[in-house]
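Visitor: Protein chains in written order, with the numbering used here: chain A, 62 to 594; chain B, 14 to 119.
Be aware that one or more of the hints could be misleading.
[Unchecked claim] Dumping the calculated BS3-like pairs for lysine-lysine here, alpha-carbon to alpha-carbon at most 27 angstroms:
#	chain 1	residue 1	chain 2	residue 2
1	A	LYS440	A	LYS422
2	A	LYS440	A	LYS351
3	A	LYS440	B	LYS77
4	A	LYS467	A	LYS486
5	A	LYS467	A	LYS351
6	A	LYS339	A	LYS486
7	A	LYS337	A	LYS486
8	A	LYS118	A	LYS486
9	A	LYS351	B	LYS51
10	A	LYS467	B	LYS51
11	A	LYS467	B	LYS77
12	A	LYS486	B	LYS77
13	B	LYS77	A	LYS351
Everything labelled a hint here was simulated from the structure, so no lab data went into it. What you are looking at is a predicted structure, and each value in this text was computed from that prediction instead of being measured.
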Amino acid sequence: MKQSLSDMPAHVLARAIRNGEYSAEEVLDAAINRIRAVEGRQPSLEQYELQPDDRDKVHAFITLTEERARKQAQKVDRKVAEGKDPGKLAGVPFSVKDIFCVQDTPSTAASRILANFSSPYTATPVQRLETAGGLNVGKVNLDEFTYGSSNESSAFQPPVGNPWDPSRVPGGSSGGSAASVAAGECALSLGTDTAGSIRQPAGFCGVVGMKPTYGRVSRYGLIAFASSLDCPGPVARDVTDAALMLEVIAGADRHDATAAVLDVPEYTAGLERGVKGKRIGLSDDYFMVKYPDPETGELVEQPIQPEIRERVLHAADRLADAGAEIVEQIPMPHTHYGIPVYFVISRVEAASNLHRYDGVKYGYRHPGQVEELAELYRKSRGEGFGLQPKLRILMGMYVSAAQYEKNYYQQALRARTLIRSDFDKIYDPEGEYRLDCLLTATTPTTAFEIGQVYGDSVLMQYADLLTVPANHAGIPGISVPAGFDSNGLPIGIQFLGHDFDEQTLLQTGRAFELATENEDWRQVKPAVLRGLS
Amino acid sequence: MADEITQEIFQHLVDLAALELDAEEAEYLLKELNGQLKAVRELEAIDVDSNIETTSHGVPYTEKIRPALREDRIEAFGNPEAIMEQAPDVEDNYLVVPVIPHTELE
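Chain B on its own, in the form it takes in the complex:
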């Protein structure tokens, strides 16, 4: 697993991340990503097929600490204008976006 993030993989990641980078930024980021991967490789000592369970929250999320489920009810936010005012481009209370080109789903 001595893998490295190549230029080609990097470009794909940038695309997935919906980012546009200049050349200087891209060079720095690729270098740092590969530096971080070196540290991450320490995890290779962990056998995923072993019976160690996974932990997604440190503190067990038990019934004792979890809020009880409650009825799903609409509570209107008092000031929707304050939310809409944050949008960079609004017309007749609609958010304005550029064209979304038609794409065929495979």
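The shape of chain A in the complex, shown without the other chains:
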């Protein structure tokens, strides 16, 4: 069967469009058809009632921007016809997590409080994707303000379904990004990762997701959650596409002082350099983890899902066959602080960032009469925010208020140093381990059912257990698909690397793809695509 345009990798599409084999409009038409076939009803703010086919569909897009994409496609086609360079992402459809501002489109953060907000400007990474010839097909769903690991907290319902089994969550918070890419509604998506919000849904949805180094990609135009942790990054179906997308979005930005002024390597060049001589670590501290018991809620030491561990070890074997040196028993003794530290630092930063929503400058305003300004704030925020933002604001207030502060914030900042020092030690070129990267599972479990965890904010947070240390340390990480569990659900493995060395992670991920390209599991397609021509 001929591969549909919607299932082709971005780098193949862009090349074919540049060569005139396909037009950008043709590719866009295919994307729109795919969206019509798999989306189901559009998520909205209306009171949600489950309908029969909701659990068969993806529901990734809060806003479709077909007209915007159409204009971009026509521009690309014109350039090709005139013999001009149409850009690295010429004619590649992409989606944008609805936490980025895109001019003249609703930029909602999946919250009632911003549902009517139309951004007067465009975020830098989105701008760069469009300038490179990408087709911006729309804004995709997420957990409200990115606060969650399942997409269920969005104010826009029905919740996103996992394309491999739409009765399960796609992960989060970039769940709409991962689902839209997995279902072929677009080739690429722009996500954000604060505790694992790119890598965890990528793992759950069987796609590639990269959290670049803190500062590698500009946050200008990103609606802020936790400013010391947030990183925009690519979601793609293969490593080459993630490399291509990162190449486009990374780099200094005069609008963001935290965007590093380092040169951006051409990640796609030398991508197939291989792993010969690379030192790749495995750590028991990522296999045996302290995790709440789903029944009692108590924190207990327990192994990650055995099938996931098996896929990590399988990946290590394949990489060893490809010439890598696997170094076992790497100590990462402070991994277990990741979630507790996150409960403190991210909440303090979230409370601070969310104080700007006041019903005065933009966004939702309580429609009734009020006596005075403070009441307007309380009512607008009370009605505009969902439960998860409220929970984060209150926790942030508690752990930072002088009268309650039990040193938690000070302790968290020190524990963060310890987490960082774990990585410094294993990467130290003069040290005992001298690793190029660490190989771990992306998540302790595969995708859970919609409704199974949501509501239990502690258990939900622990879905980020294996991804959050990289955010505290600022280092880059990539999740790549590595097989399936016995329920046919995707398993992701994660490579964690040195500061600003995304290159090695992409090369290692690519080496893993090449080493496993003939394995049977790579032929399996998501459930929502079965029966489509």
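Given chain A's structure and the hints, the job is docking chain B onto it.
Guide: Frame of chain A; chain B shown alone:
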């Protein structure tokens, strides 16, 4: 430090957060906050008086990666109307807010 967020503390937090909650929401939020605190208590093993330094950004923000300071110059945004259009209540280009009651500062 086996502390708990009591009803009274909770009310104060809600006030600081400028939120208005219904009873059902409040009950859920208080329960979850105390659940999260249980996990946070793992940090009590960290001695704040020790010589472990604090980290506020994982990646050191060095001169090598930091953009150079530049002159502080006004650059007008091309389309201020687009910004003002977002405001829920505007009169003669002013944002309209309800009364701000006079309070004595202590």
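Visitor: So, for every hint listed, does it hold in this structure?
Guide: Hint check:
The suggested pairing of LYS440 (chain A) with LYS422 (chain A) holds, with an alpha-carbon distance near 15 angstroms, which does not exceed 27 angstroms. Distance check on the hinted pair: LYS440 (chain A) and LYS351 (chain A) sit about 39 angstroms apart at the alpha-carbon level, beyond 27 angstroms; violated. Our distance criterion of 27 angstroms between C-alpha atoms is broken by LYS440 (chain A) and LYS77 (chain B), whose separation comes to about 46 angstroms. Proposed proximity of LYS467 (chain A) and LYS486 (chain A) is contradicted: the alpha carbons are some 30 angstroms apart, above 27 angstroms.
Using a Cα cut-off of 27 angstroms, the hinted pair LYS467 (chain A) and LYS351 (chain A) holds, with the two alpha carbons roughly 23 angstroms apart. Taking the CA atoms of LYS339 (chain A) and LYS486 (chain A), the gap is about 17 angstroms. The hint holds against a cut of 27 angstroms. At roughly 22 angstroms between alpha-carbon atoms, LYS337 (chain A) and LYS486 (chain A) fall within 27 angstroms of each other, so this suggested pair holds. For the hint pairing LYS118 (chain A) with LYS486 (chain A), the CA-to-CA distance comes to about 46 angstroms; that exceeds 27 angstroms, so the pair is violated.
Simply put, LYS351 (chain A) and LYS51 (chain B) have alpha-carbon atoms about 13 angstroms apart, close enough for the 27 angstroms limit, and the pair holds. Proposed proximity of LYS467 (chain A) and LYS51 (chain B) is supported: the alpha carbons are some 13 angstroms apart, at most 27 angstroms. A threshold of 27 angstroms between alpha carbons decides the hint, and for LYS467 (chain A) with LYS77 (chain B) the separation of about 36 angstroms lies outside it, so the pair is violated. For the suggested pair LYS486 (chain A) and LYS77 (chain B), the alpha carbons sit about 22 angstroms apart, so the restraint of at most 27 angstroms is met.
A threshold of 27 angstroms between alpha carbons decides the hint, and for LYS77 (chain B) with LYS351 (chain A) the separation of about 38 angstroms lies outside it, so the pair is violated.
Violated hints, in rising order: 2, 3, 4, 8, 11, 13; the structure is consistent with all others.
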